[in-house]
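Number of protein chains: 4
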Amino acid sequence: MAGKVKVGIFGASGYTGAELLRLLVPHPNVELKLLTADRKAGQKMADVFPQFAGLDLPVLTKIDEADLNSVDALFTALPHGTTQTVIADAFKKNPKLKIIDLSADFRLTDPKAYATWYGHEHQALDLQKEAVYGLTEHYRDAVKKTKLVANPGCHSTTAILPVVPLLKTGVIDPDTIVIDSKTGMSGAGRAAKEEMLFSEVSEGIHAYGVGKHRHTSELDQEYGKAAGREVLAMFTPVLAPMNRGIYATIYVRTKGDASPGDLHAALAAAYKNEPFVQVLPFGQVPQSRHVRGSNNCQIGVVADRVHNRAIVISTTDNLVKGASGQAVQNFNLVFGLPETAGLQSPAMFP
Amino acid sequence: MAGKVKVGIFGASGYTGAELLRLLVPHPNVELKLLTADRKAGQKMADVFPQFAGLDLPVLTKIDEADLNSVDALFTALPHGTTQTVIADAFKKNPKLKIIDLSADFRLTDPKAYATWYGHEHQALDLQKEAVYGLTEHYRDAVKKTKLVANPGCHSTTAILPVVPLLKTGVIDPDTIVIDSKTGMSGAGRAAKEEMLFSEVSEGIHAYGVGKHRHTSELDQEYGKAAGREVLAMFTPVLAPMNRGIYATIYVRTKGDASPGDLHAALAAAYKNEPFVQVLPFGQVPQSRHVRGSNNCQIGVVADRVHNRAIVISTTDNLVKGASGQAVQNFNLVFGLPETAGLQSPAMFP
Amino acid sequence: MAGKVKVGIFGASGYTGAELLRLLVPHPNVELKLLTADRKAGQKMADVFPQFAGLDLPVLTKIDEADLNSVDALFTALPHGTTQTVIADAFKKNPKLKIIDLSADFRLTDPKAYATWYGHEHQALDLQKEAVYGLTEHYRDAVKKTKLVANPGCHSTTAILPVVPLLKTGVIDPDTIVIDSKTGMSGAGRAAKEEMLFSEVSEGIHAYGVGKHRHTSELDQEYGKAAGREVLAMFTPVLAPMNRGIYATIYVRTKGDASPGDLHAALAAAYKNEPFVQVLPFGQVPQSRHVRGSNNCQIGVVADRVHNRAIVISTTDNLVKGASGQAVQNFNLVFGLPETAGLQSPAMFP
Amino acid sequence: MAGKVKVGIFGASGYTGAELLRLLVPHPNVELKLLTADRKAGQKMADVFPQFAGLDLPVLTKIDEADLNSVDALFTALPHGTTQTVIADAFKKNPKLKIIDLSADFRLTDPKAYATWYGHEHQALDLQKEAVYGLTEHYRDAVKKTKLVANPGCHSTTAILPVVPLLKTGVIDPDTIVIDSKTGMSGAGRAAKEEMLFSEVSEGIHAYGVGKHRHTSELDQEYGKAAGREVLAMFTPVLAPMNRGIYATIYVRTKGDASPGDLHAALAAAYKNEPFVQVLPFGQVPQSRHVRGSNNCQIGVVADRVHNRAIVISTTDNLVKGASGQAVQNFNLVFGLPETAGLQSPAMFP
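Residue numbers (full-length UniProt numbering), protein chains in the order written: chain A, 1 to 350; chain B, 1 to 350; chain C, 1 to 350; chain D, 1 to 350.
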């Protein structure tokens, strides 16, 4: 591909928007043309996020005033529910656009599931049919051809990557999967809420959305596809006092005479050529800090003391592989760029 | 009881030792007579823990040089494995002693289980028979009469309190219990280890002892007793970047036609008169920070989206109800003091 | 004093209000009668602060509906600026009240200084004349006799205690004092503000109110009184990623032939009988975590490499000695109780 | 420059070594040939730092066994004191080497100053004469020509950049400079020490090395050169509960009729073309988290309430601009590469 891709970001004043910028600024094939933030329109990015001081970036504008014909690619990092109409409008203004959507709006292929989990009818069903679920490792070919990528959720990415190969190869019981998914605070966004104040969430831990978190619907969809039957895992998100990281402890029972070692083998085989998924040696336990800031997912498999049980652990950075990093990975595919372009930095530890 | 109980602490230079002091210094019925710390013998507590500057406390001495006839009560906060012989010696020197042991040495009543989990034969089997497992709410009468309390582990206390009433009343399936137990760093002690450095454990989270943590043996023992049959739960401890707190997310399936609401009712009934266990309203999720520094255990029950599944959440401060606070609670019972003496401070939040 | 003092708290839903409760619940001479929180009226404290679950406390009410004749003592933990009229009204309703005010409204004795720093004329000048600045160690006798205590600010308490004795004894140059005062996040209160979100303030540090923080006015007043002349120190507050703690690094130059050791001697002499101020051995550096949760102020003095310069370091818990603890200390004095009642817990570390 | 520079790292198992790798792995002009770690020789980097799992890196070897003729450039990230002989040996084995030394061994040009601050005679005085102090913005031309760069300390870099232009232009009084320099924990290294355990250093703050920290000697040297006379600033490092970041609050008095605005102007002029130094608008306060992970130094100037005083604030990431990032910046210059190569990622926030 000659030249640079002209890129816009809708929703640049949130954490996933800022993370897109962090990754796209040094990206060798990107030219940033357009940044929106409706409530901060007219400001510079450095006013909103001082880490960008000294960089020459487009001034923030409103979505309505954005010139969509100035860009080839659009990342949308906007709230769930309203993004679908924004994207429908964007395609009307520039039908050649390729859009990577970081909201949940196009992730569920079943309109009924969408209505159930999100509480209203979908407003752009025709687009939903074209959208590709952007879990790159499992939908790479479809991503390359689509104009609309539905980038997966952070809990979803972290819980789907280690389980789908186990369901596909039939080595685990689909009916007893339990997922305890710890997350850092940045996933809650930048809106001022009492319950996200430092003093409210540091030096302690707690579950939220227990029994009903919306990312569960993505697990249902992808686990079900992998198993060829309904799979309803137990899933609880837990907020840990850290900025970044998803850390899913996944409890499974083996099926037939499969051993925990067979689970490890299935995962190692599934991801052996993947640049962003590392299956650690059998028995080794990953840590979320070792993927911080990188686009990696690290997976470990440990045998339980009871022979037919195992603990599978998966970790990502919620803002990178769980959001903006995977979005850039998908962007690279859509535009025929090397899949790892702009994503080669190892994790930042400590 | 007239007068004050004369108290000694073996192992005052560790975190649980210091926490005992924090609780015992303002305790109205305690006179501190003896503090040991072999490697810091001759130093003042304020040299080892500057928070005690300004207090008039016994100078640290060696265990061998401690005058055990100067005390009525002894708290032992020493490493697992060697404590049993130290305690056997202590009783020889002063047979009237009452000992609250914070190590794991006397927690398991089955010598075979002890040998399996701790890797060597028990060295004081006769004492082990007299020891009472100090999960106060469930062994109150026995604690009052014993001379040796085996204070439970922090993960164990937090996971046993919410599950035993459910097994006793038969409302959950004993075969599918999964416990994901998050803990703060202070539980790892004060020994200088690379893996416990701030830069190694902040801003991230990870499991440890996966599939084989020793506190599992206490769960097996107490769950088994409650259910009247073998119960082998899945249990994984997870280290969270905070000083204090145990936070157990417990996944259960109901039995027969019991509903999640029945689980809540069983717990509310079991603990309705307990000063240190609060069963929150059905559906409310506890947070570890709301028990920080207190002797409380807060328990929540939430229904899963699938009707016969529930999430039970239990939280304590690992150094208080999970160690030194429960030890003081047991001490109060052994000496006929009000059970809440010295333990009435609400949690410190924020 | 026979019986218990009947106590009310105006503003129980903020952090200093909750901290008052933490200290007053186990206080042996206190009966809690009245808790207000205008925007949470009708709720239980446990709804607002779950750490109080299980306690039998008055339901939250509005200030307007509070029965002020039901209490002997009132703690006001309300915003600056409006508290003065609330207190004037309270005295009208119950002239026998004793009030401990945790706001800044009555701290400055000079009405002009108040108007300058707070931007409006004082609304209760007659009360201001009766108010006593509640830096207990320096105004103990006046506190005992007053009906209105102006409890000092957290930065102020921490910076005034170590400097006033140095100015009084004339061992330091009043014109070159520099104070760099680190604080935890809880001092910023519980209002939902973007800049206080966990993700905005963890894993980093920054100054605020540079060159103009209002606590400076308290330093000016007390330093000036101690020195008998104008003293205008440089003072910068810095927000550190922790919940609690003030940590002031104070840079001074000695006067005449005074040595750093003389500074230490002056402080040790000034505070040798104080229960809540510990002057550490010369050269020892305090840490904020060693006063966490306690009413202590720990002070260290270290010589600089240049002979006539020294670094004086002072630390408190901003919510205890810097707010609610000192308020209870003053309350004890006002009601003739032992000064340390309810305040004897050592710091909580770790 | 054709081809890639062949690079080795001595001391790859420490935090600065790992940070070098983080920056050099995606560096477009680098080929990593050699990694040493004497105590971990034979291991893979991923065993020592799991964030490098999945990368193809040289196995760790011992310094003695390293083939120094396989590399063009050597980064030394070894302890102070012994590095000087290691480097002298390295030049003997390969005289064409270019070395970037991250230790303190070659930073002080005056052998007497070195002996005073480090407690022993320098062992490689001839090399010391050739070494260039690698504060890139001030020694760029010399760095380009040298074979041995003495990379500055983290506190030093952060405190020298904002002060040297003020001394050179004569707008501040050299005799009243006070520097309070907060740092994250990673600067203390990876050695297992009790005082660096999470529970010892989280949730609190404290000064260390008060009155005598060795980085002071670099300030003396560079401030003295800039002022043309002796300058002995007061300097105190303070350990804050965060992984990364140096945050220096610098208190100065203006000279003659210079105003705080003049100070800002002097800094803005000095750094207007620098890619890694951002002087913020007058009055704006930087935050350490906004340079985290980047090679940036952000500087703010704020007027005090007294007209001839100002607060200058400077912040860097101690592992990047304060160590490995500046080392890569110097490496780029030494090898004629673009100065920003490999260093273009914006800070990682949150």
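By construction, these hints were calculated from the structure, which means they are not laboratory data.
It is possible that part of the hints are untrue.
Said to hold, decoys possible - Capping the alpha-carbon separation at 25 Å, the derived lysine-lysine pairs in DSS-like fashion look like this:
(1) C:K255 / D:K255
(2) A:K193 / C:K272
(3) C:K40 / A:K40
(4) A:K44 / C:K255
(5) D:K62 / B:K193
(6) D:K272 / A:K44
(7) C:K272 / B:K44
(8) B:K212 / A:K255
(9) C:K225 / A:K193
(10) B:K44 / D:K193
(11) C:K255 / B:K272
(12) B:K193 / D:K272
(13) C:K255 / A:K193
(14) D:K212 / C:K255
(15) D:K255 / B:K40
(16) A:K147 / C:K62
(17) B:K255 / A:K212
(18) B:K272 / A:K255
(19) D:K6 / B:K62
To be verified - Part of the chain A face toward chain C, derived, beta carbon under 10 Å:
(20) D56
(21) E195
(22) N243
As the list claims (entries may be wrong) - To spell it out: a stretch of chain B is covered by chain C in this simulated footprint if at least three of its residues, at any positions, have a beta carbon under 8 Å from a beta carbon of chain C; those stretches are:
(23) 320-330
(24) 336-346
In this text, all values refer to a predicted model and were calculated from it rather than measured experimentally.
Ideal Cβ placement from N, Cα and C applies to all residues, glycine included.
Could you tell me which of the hints above the structure violates, numbers in ascending order? Hints 2, 3, 4, 9, 11, 12, 13, 15, 16, 18, 19, 20 and 23 contradicted; others consistent.
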